[in-house]
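Visitor: With the hints as your guide, set chain Y onto chain L.
One letter stands for each residue in the lines below.
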Amino acid sequence: MMNIRRRTFCVATVAAVASTQALAPRPTRAQQRFESIFMFIPAGPGGGWDSTGRAIEQAARAAGLVGSFQFENVGGAGGMVGLPRFVNQRRGQANALIVGGSVMVGAGITNTSPITIRDVVPIARLTEEAGVVVVPPNSPHRDWASLAAALSTNPGSVPVGGGSAGGTDHIALGLILKALGRNPREASYVAFAGGGPAQAAILGGQVAAGISGYSEFAEQIKAGRMRALATTGAERIPGTDIPTLKELGVNVTATNWRGVFAAPGITPAQRQALIDLITAVHATPQWKEILAQRAWTDAFLAGDAFAAFLHEDIAKTETVLKDLGLA
Amino acid sequence: METLALLAGGFATALSAQNLLFAFAGCFLGTAVGVLPGIGPALTVALLLPITFKVPAASAFILFAGVYYGAMYGGSTTSILLNTPGESATIITALEGFQMAKKGRAGPALATAAIGSFVAGTIATAALTFFAPVVVELALKLGPAEYFSLMVIAFVAVSAVLGSSAVRGFAMLFLGLVLGIVGVDLQTGQPRFTFGLIELLDGIEVTIVAVGLFAVAETLHLAARHRYGEDELLPLSGSLWLTREDFARSWKAWLRGALIGFPFGAIPAGGAELPTFFSYYIERKLARRPEEFGHGAIEGVAGPEAANNASAAGVLMPMLTLGLPTSVTAAIMLSAFQSYGIQPGPLLFQTQSDLVWSMIASLYIGNAMLLVLNLPLIGLWVRVLRIPRPQLYGGILVFATIGAYGVANSVIDLAVMYAVGLVGMLMKRYDFPVAPVVIGMILGPLAEQSFRQAMTISQGDVTTFLTRPISAAFLAIAAALVLAPPVLRAHAASRARARSSP
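In order, the protein sequences belong to chains L and Y. Note that my numbering has the first sequence beginning at 1, numbered continuously upward. Note that my numbering has the second sequence beginning at 1001, numbered continuously upward.
In isolation and in its complexed conformation, chain L is listed as follows (with noise of 0.2 Å):
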């Protein structure tokens, strides 16, 4: 036990230190909400769900709404290593918040974990990534329709890459399929490891077409080294002429969300205080700053109105688990 938390304190001071200095003039402590927040992070450093903890951190310690951070980083299977250990050790903590998001939600289905996303407490959804469908450059699918064409022929003989199996990307797929009247299940979804083997096999035209987060693509799509087809958020990303699926006459939208949970047994008035931080963190000039910075779509969500996106997320997820077979 004296190791987990010493190990937890390394971690967390070495985050703290390095931000404390990063703020330039001390801001006024009068509207600090809280005195400390512990954030737990069940991914390892470097990766969305981390870089969305150390903005809030970032943001809401400029704005002098919160005293300090603690970090931890507990990693692997989609979050669902971490989730049961946030969940039982965290109980009734009213200043603990985990990240997560719709990775999560499909992590607990396709793994049958006894405890998934439903066991901690909605607090807010912060961002969202729409996914793009992109072909290589020399592929003959100049747009979507003739893409789509190939697709609701024989689905079989398009492979598509994208990332791990049941994730973002896979569901993304089974939704178009099933929208153009195919079986999910007659996909060729070739899962790759990560983003990198994923836009490696797309450049070098290992597989029919690729699909995945915006971002992973974005570059190669502003250098044509990808053909980006189509879109699945509700509406066009800024900046970019991609239409989306909608626009093509397919009713699919599918995006990444991620957002703030925070622990099981907290009272209502606690999860308020929790709601109402995350609400001022969202409302700080900061926050602004790092979603332009980092090009994250604002997707913010609050309290019962995220709970219920969340409940419509997860039975939505399910279904298309089921159809892709894999729950």
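These are calculated hints, taken from the structure and not from any lab test. Where is the CB? At the ideal position from N, CA and C, for every residue including glycine. Hints may contain errors.
Think about it this way: if two alpha-carbon atoms lie no more than 25 Å apart in a straight line, the pair counts; the simulated PhoX-like pairs of lysine-lysine are [as the list claims (entries may be wrong)]:
hint, chain 1, residue 1, chain 2, residue 2
1, Y, 1141, L, 222
2, L, 322, L, 178
3, L, 316, L, 246
4, Y, 1285, Y, 1252
5, Y, 1103, L, 288
6, Y, 1103, Y, 1285
Listing some non-contacts, in silico: residues in chain Y with all C-beta distances to chain L over 10 Å [claimed, not checked]:
hint, residue
7, 1103
8, 1134
9, 1141
10, 1142
11, 1198
12, 1252
13, 1368
14, 1373
15, 1377
16, 1426
17, 1486
18, 1491
19, 1496
Guide: For chain Y alone, coordinates are given in the frame of chain L:
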């Protein structure tokens, strides 16, 4: 020539006092985490990420590059002295390195590792400077089918570490393959062999098993036998430096290691481990005295050490030219680019030319710095062996435990490490080789995933491995490696018979 001008500009930035300091800090830190088993460059760079809020981009990347290179140097030190690989890329180094140390030749082993790392690192950095775009385009031609065929060659290369009994060697290789399967399957998202343990969902970390098999097993083995033998220190005889013969045997291995390691870094399925297996295999095959392998052959240290450093430079190639991370550390460095608002991608060389070239220049500087830092340390390091064994191995156990816990803050990891250590002790007692277990763990998942990816792409057509030319060539090489020696032997034998019976 334009490249040289840009590189010169990079040196101008990298040689500023502040950046030199960052390079030194990175190299020092990298060497330190390399020495600690479990804690690797990826975790270290991740923990250093917050400095990106404060420090200019060039300095931060110079620091990160130093950590990355430094870890490859540091990892070999514990492999050689204590049979405790600090990084998975230095597991092979332990095979010959520790045997050399046991014979009192720790100094030359460390020296050949350090100089080999420097030579290979510098060659690879030069190759990175001039050929990066070409090599990356070639690497992209390789798909899952080619990776699988490459793994087939790797499995042949494993024969070099199977030990005296092939049956025992294969048994251990299969044990490694089984351990490699544990965790969530990439292609279906379903957990395999996790026995309901949440901590096993992400699989078993290779370094945990390696540290268990090498360090913990060695310690338990010694403890179990302590009563029977007198406590004798490892001898420390002869020069600390390379003799003329050592040098003559090392330099070709360094060059070959560099040549093997560099392209592997560019391949998304390569990693730094694979080229060390190949290098070891080739050195063993080419050695004048192959019988020395397993008993402290210096080529077996020189080659793999050069290979892992060259591959570290290779990894930066796709990262800088395409924004493609081919190792965990590279992926984390990419996220650091993003916190500067720089989107790493194919346009990086154009849009961030100054930054990229100062980073490349810092690699040359870092390499030289690491050599200067490490050579004088050899004298100090070998003195570690003067510590009486009970205390020394007690200390190793402490370090191994801290390092293993540091990988994922998981108590289950510790349990796995000690359980594996216990098995390792029995393996040692009954003369089962340990290296095949670790190699199986690394190769198994790579081969399996590549095979299934290739099969999905080809819609279940197995001939894809033969109809794709590069894949077929790899398979042909594998076949030749297996078939050539017995055929040649049979041929030689029949000729000898023909001569002796007129």
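Visitor: Which of the listed hints are not met by the structure?
Guide: As far as the earlier hints go, 5, 9, 10, 11 are violated by this structure, in ascending order.
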